[in-house]
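My request is simple: use the sequences and hints to build the entire structure.
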Amino acid sequence: MTDLSAFPITRKWPAQCPDWIQLYSLPTPNGVKVSIMLEEIGLPYEPHRVGFDTQDQMSPEFLSLNPNNKIPAILDPHGPDDKPLPLFESGAILIYLADKSGQLLAHEGALRYETIQWLMFQMGGIGPMFGQLGFFNKFGGKDYEDKRPRDRYVEESRRLLSVLNQRLEGRDWIMGERYTIADIATFPWVRNLIGFYEAGDLVGIGNFPNVTRVLERFLARPAVVRGLTIPS
1 MTDLSAFPIT RKWPAQCPDW IQLYSLPTPN GVKVSIMLEE IGLPYEPHRV GFDTQDQMSP
61 EFLSLNPNNK IPAILDPHGP DDKPLPLFES GAILIYLADK SGQLLAHEGA LRYETIQWLM
121 FQMGGIGPMF GQLGFFNKFG GKDYEDKRPR DRYVEESRRL LSVLNQRLEG RDWIMGERYT
181 IADIATFPWV RNLIGFYEAG DLVGIGNFPN VTRVLERFLA RPAVVRGLTI PS
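With the working numbering, the residue at position 87 of the sequence shown is 87, and numbering never jumps.
Any given hint might turn out to be false.
[Stated by the list, open to error] Quick list of in silico lysine-lysine cross-link-like pairs, DSS-like style, CA-CA up to 27 Å:
1) K70 <-> K12
2) K138 <-> K70
3) K70 <-> K83
4) K100 <-> K83
5) K83 <-> K12
6) K142 <-> K100
7) K142 <-> K70
Hints were generated in silico from the structure; no laboratory data involved.
What you are looking at is a predicted structure, and each value in this text was computed from that prediction instead of being measured.
What follows is the structure in structure tokens.
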């Protein structure tokens, strides 16, 4: 049995199955990327809930794993050279798990880098912009009398949706027939935009039929259904 006692995070969230990947997360758009990925590839893992309501992400134990105090993060007891690997940033974790499992990302060649390109499109564009729109539409920013900040993120979100909609024309998934980590990264954010952020009408989601078509396909996957509620 692997000894993870050298990692302070295991003091706050003890590992019941220390030979399994330890997941520290919450069912947010970024968090569920990794739970969905783990459900898709079938690697054993143990989820731990990092509660924002109790400021768990600011605890010394969590910061010892991710100094950027964001979820998700993992601790793989069997990383490279069979040594424990702590890892944060959802995009990095998706690439790592794809390589470890040999699934959902091409091993080499142009297809690999094109998939990573679309993963970065989500990381640098869709995630930050949709998140800002959510703030100005539903949370503290909604009370601002000046709607120019909100409208700026509405327009940028529409632009990003247009790019994604065009990419999906005639394709089953972002990379064509192949379901990949690019889809796992992207569609939880689209779901959140039109659901939790209540911004579907604001961005005119009906004008992006390819996006909604693939979103429905994504949400019908059994691994996605499970992953969207982990950690409970």
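Here's how the hints hold up against the structure:
1. As the CA atoms of K70 and K12 are separated by approximately 16 Å, the hinted pair is consistent with the 27 Å bound.
2. In summary, the hint linking K138 to K70 is supported, as the alpha carbons are separated by about 21 Å, within the 27 Å threshold.
3. In summary, the hint linking K70 to K83 is supported, as the alpha carbons are separated by about 24 Å, within the 27 Å threshold.
4. For the proposed pair K100 and K83, the alpha carbon gap of about 13 Å is at most 27 Å, so the pair holds.
5. A distance of roughly 21 Å separates the Cα atoms of K83 and K12; the hinted pair therefore holds under the 27 Å criterion.
6. Our distance criterion of 27 Å between C-alpha atoms is broken by K142 and K100, whose separation comes to about 42 Å.
7. For a cut-off of 27 Å, the pair hint linking K142 to K70 stands: about 24 Å separates their Cα positions.
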